[in-house]
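Engineer: Each chain is listed here by its residues.
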Amino acid sequence: MIRFDNVTKYFGDRKVLDAVNFQVEPGETFVLVGFSGAGKSVTLKHMIRLLTPDEGRVTVGGDVISEASGRGLERLRERFGLLFQGAALLEWLTVFDNVALPLREKTALDEAEIARRVLEKLRQVNLEDARDAMPAALSGGMRKRVGLARAIVTDPEIILYDEPTSGLDPVTSRAIDGLIDRTRRDLKVTSVVVTHDLFSALGIGTRIAMIYEGRILEISPPAEFIRSNNDIVKRFLDAQYITRRGDWERMSHEAESSP
Amino acid sequence: MVSLTREPEFRPPPANWRGRLGRAALLACRDAGRAVLMLAEATLELRRLFSRRARPVFVRQLYAAGIKSLGVISVVAFFTGMILALQTGIELRKVGQEVNIGVAVMVSMLREMGPFMTALILAASVGSAMAAELGTMTVSEEIAALEVMSIPPVRFLVMPRLAAMMVMTPVLTFYACMLGVAGGALVGATQLGVSPQAYLDNAIRWAENKDLYVGLFKSWVFGILITTVCCHQGFATAEGAVGVGRATRRSVVISFLSILVVGYIITRLFYA
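Listed in order, the protein sequences are those of chains A and B. For the first sequence, my numbering assigns the number 1 to the initial residue and increments by one for each residue that follows. For the second sequence, my numbering assigns the number 260 to the initial residue and increments by one for each residue that follows.
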């Protein structure tokens, strides 16, 4: 679905991505983890062409997004939904209008159909009652959920999540994880999650990739990831008090509560 | 669609003053080019101004640019007219020509004071607000979010602001001119012994239609200039809250300088 071939990126003299290669399979939740400044968000931004590689290329379903421009790039971007780290809600629009924005601007749907779809998505993220609230009145977790509703309102094939649980308390973080997992199952979408929260990664990921100093160190399913012999991965696991003994038991998100 | 999300720039500072000067000149040219491209796209998008979705945004911008600026423009314009009348009246009285304050105030307001004063007030209030708002949207990734949703930020954010300023700047300028003339009439009547009727007769007899048209044209150009500079500075914001402050300050400074330079060029074109 998404493929990185030898993607290298420089910021000035600093190499932030160093010949990165990986492939995200359709329908999976691919989680990128790593220390702060390792290149996680930079990798994510290459997927949707907010950044352009200096070397290598990024393809989405066979189309080279790293070389696309104009209408071609717009069409490729329409296949994505992106939940930004800070949700990136438009502050002068209500929750309803924020979620309705892509439908109003990019489709010819009438207001009744737009309202039906928006309310359906708000219901999915347990925010139906907050439809008339302004973003400034929302908590961090609620903002992320509105951002998620906006990301999925156009029923995209791929959803990208940039640090979906950063700055949230553990209970809210697990609720957001639950939403991501449920979205993948209900909508059959491909998901890419960037996070430094290993609990989140192990809970929702079908495969986890560890990125360190711009290089992919390891890509494996959660159960193998926690038994990795890579010293950097071990250090990362130890720092979050995750034991490498025994199997990682995937948490259930069936009964997540709203934060 | 002009892409407004910029990749971060990392360049070592030039070693000497010539290098710094050269880089500053190159960056100024690059920014000017980007601003012109943005203006061109916004102008092309004006055809969608009365679409169902753009109309409410346009009306909100008309309110922000026009109605909210009315108070400060009223006070400044009225007192400017009073000061003009008083200063010229004191001198003209020495030669018994104080009745001519009518034309002095009217022509000054229509040709220069009205357009300049209105544009400077709008740059400082509406323009700086535009730069701060778009700058905040840029650093909080709202502009990137629009681009990811394939919603052109120029159509969505710049076009309604441009249209509102193209309408409101001439309207406010005309309003400011009329208030300035009224302020002059008040000073004439209360302090210089010139009746309002004589003041207005004198003003209307000597002022030309051209003074009004050129003044309004000038203010229309100033409206475009302010929107272009301030929106571009907003989109070029980087480095968080500090960057928003810097972009806001630069938008006001560049707008003021552009207004003065372009104002001179227009005056030279029509009157020299």
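Quick caveat, the hints were computed from the structure, so don't treat them as lab data. Treat the hints with care, as some may be off.
As the list claims (entries may be wrong) - Partial selection, computed: residues in chain A whose CB lies under 8 Å from chain B:
1. Ile48
2. Glu78
3. Leu82
4. Leu90
5. Pro102
6. Lys106
7. Asp132
Positions of the beta carbon are idealized from the N, C-alpha and C atoms, including for glycine.
Engineer: Give a verdict on every hint.
Structural biologist: Hint-by-hint comparison with the structure:
1. Ile48: 6 Å, holds
2. Glu78: At about 6 Å, which falls below the 8 Å cut-off, the nearest Cβ of chain B leaves the hint on Glu78(A) intact, so it holds.
3. Leu82: Holds. Min distance 5 Å.
4. Leu90: 6 Å, holds
5. Pro102: 5 Å, holds
6. Lys106: It holds, given that the least Cβ distance between Lys106(A) and chain B is near 6 Å, below 8 Å.
7. Asp132: 17 Å, violated
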